[in-house]
Amino acid sequence: MAYLTWKEKLSVPTYDNPAYARSGRVEIDKEKCNGCGNCALICPSACLYVAGVGKNKKAYLMDDDFPECMSCNDCMAMCERDAIKVSQYYDFGLYYKVLHRGDLAPPRNF
Amino acid sequence: MTETLDMETKAPAKAAEFADMYTWHEGMDWNPVERVILERRSNRKYKDKQVPEALVRRILEAGRFAPSAGNSQPWRFMVIRDQKMIDEMEKYVQLRCKLFKFFLHWRTSPLGKIAWMYSQVGIRVRRNDLHPIPFSAIKVIADGKLKLFHGAPTVILILKDKRGAGKPELDCGICGHNMVLAAHSLGLGTCWVGFVDLLKYGTKWTRKLGISFPYDLVEGIAIGYPIGNPDGIIERELHEVEWFENGQRKTVL
Numbered sequence: 001m002a003y004l005t006w007k008e009k010l011s012v013p014t015y016d017n018p019a020y021a022r023s024g025r026v027e028i029d030k031e032k033c034n035g036c037g038n039c040a041l042i043c044p045s046a047c048l049y050v051a052g053v054g055k056n057k058k059a060y061l062m063d064d065d066f067p068e069c070m071s072c073n074d075c076m077a078m079c080e081r082d083a084i085k086v087s088q089y090y091d092f093g094l095y096y097k098v099l100h101r102g103d104l105a106p107p108r109n110f
Numbered sequence: 111m112t113e114t115l116d117m118e119t120k121a122p123a124k125a126a127e128f129a130d131m132y133t134w135h136e137g138m139d140w141n142p143v144e145r146v147i148l149e150r151r152s153n154r155k156y157k158d159k160q161v162p163e164a165l166v167r168r169i170l171e172a173g174r175f176a177p178s179a180g181n182s183q184p185w186r187f188m189v190i191r192d193q194k195m196i197d198e199m200e201k202y203v204q205l206r207c208k209l210f211k212f213f214l215h216w217r218t219s220p221l222g223k224i225a226w227m228y229s230q231v232g233i234r235v236r237r238n239d240l241h242p243i244p245f246s247a248i249k250v251i252a253d254g255k256l257k258l259f260h261g262a263p264t265v266i267l268i269l270k271d272k273r274g275a276g277k278p279e280l281d282c283g284i285c286g287h288n289m290v291l292a293a294h295s296l297g298l299g300t301c302w303v304g305f306v307d308l309l310k311y312g313t314k315w316t317r318k319l320g321i322s323f324p325y326d327l328v329e330g331i332a333i334g335y336p337i338g339n340p341d342g343i344i345e346r347e348l349h350e351v352e353w354f355e356n357g358q359r360k361t362v363l
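Chains as they are written, first to last, in our numbering: chain D, 1 to 110; chain C, 111 to 363.
Hints were generated in silico from the structure; no laboratory data involved.
The structure presented is a predicted model; accordingly, all values stated were derived computationally and were not measured.
Hints may contain errors.
What the hints assert, rightly or not - Cut-off 20 Å, straight-line C-alpha distance, at most; resulting in silico cross-link-like pairs (SDA-like, lysine to any residue): (1) C/K314 x C/I196; (2) D/K7 x C/E144; (3) D/K97 x C/L240.
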């Protein structure tokens, strides 16, 4: 059984075509976020930023259709208020199609 | 001789003290070793504070006792704590990233269609090096948004001995991760830096560091005191596991 078709094997994705690719995404709980900016500070792909003043100061994901998020979840570990976490992991499709994965889950102590 | 005897008598006492913690029963809480493994995150912002030399030496010991194929220990470490040298390396790699960005990054390159062509050929030749994530990292580093060693005060470079048994590169990975886990258990932050590969594009650093046969630069590990508390348990996607047992096959998540 082939995991990738011949067409997929030979096609290099353009990395940002929504027809077959998706970027990593984070979800930010605007209620909990206090705009401290720690997540933006450590984001390896620099795809988070902080905007707003005073109480409205919040973290945002780049408005880009294809933020460079690699769903590493470092922001989730960094956030002291549990306001941010990855909601979708990246899949660039075709040759780089993600195989044999399940949903996101914290470590399970069997 | 007396030293070895001492170790033998001490070991069982220590084991008994922690036996409860390290005896598995279903649904038990994470023990300290598991905790270090699960909570380790790649840290990418460091304090200016230098790591004490003795602590780095201690971490290197963890690497020295890593398993390797045929006990060939095909690794060599280089510790760089010279801030000026680290800055120079960062600049060197940034320059190379700029070059690659110019020729390959079709979305921003002034070459336009030609860059698209180059990238399509390049990606097919270097499928791992130009995987979408490092591909965008090239741009982020070139733009100066990400520094090679993230401002870490200490860097350990791992070189492989090409003459090692089996898979020397894998052995370097094993010993590197030993060091990384030891560092995190001692309150340090680390990050694997694969972009040190770019130091090999040119003779400046291979000469300065003395990288030549049989050695080859494999990876770098940035070490320092992290800013804030970047370590913690997170969510990850589950991976399907094929399970063969009692003549049957099942897939578990």
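Item checked: Unmet hints by their number, sorted upward, for this structure -> 2
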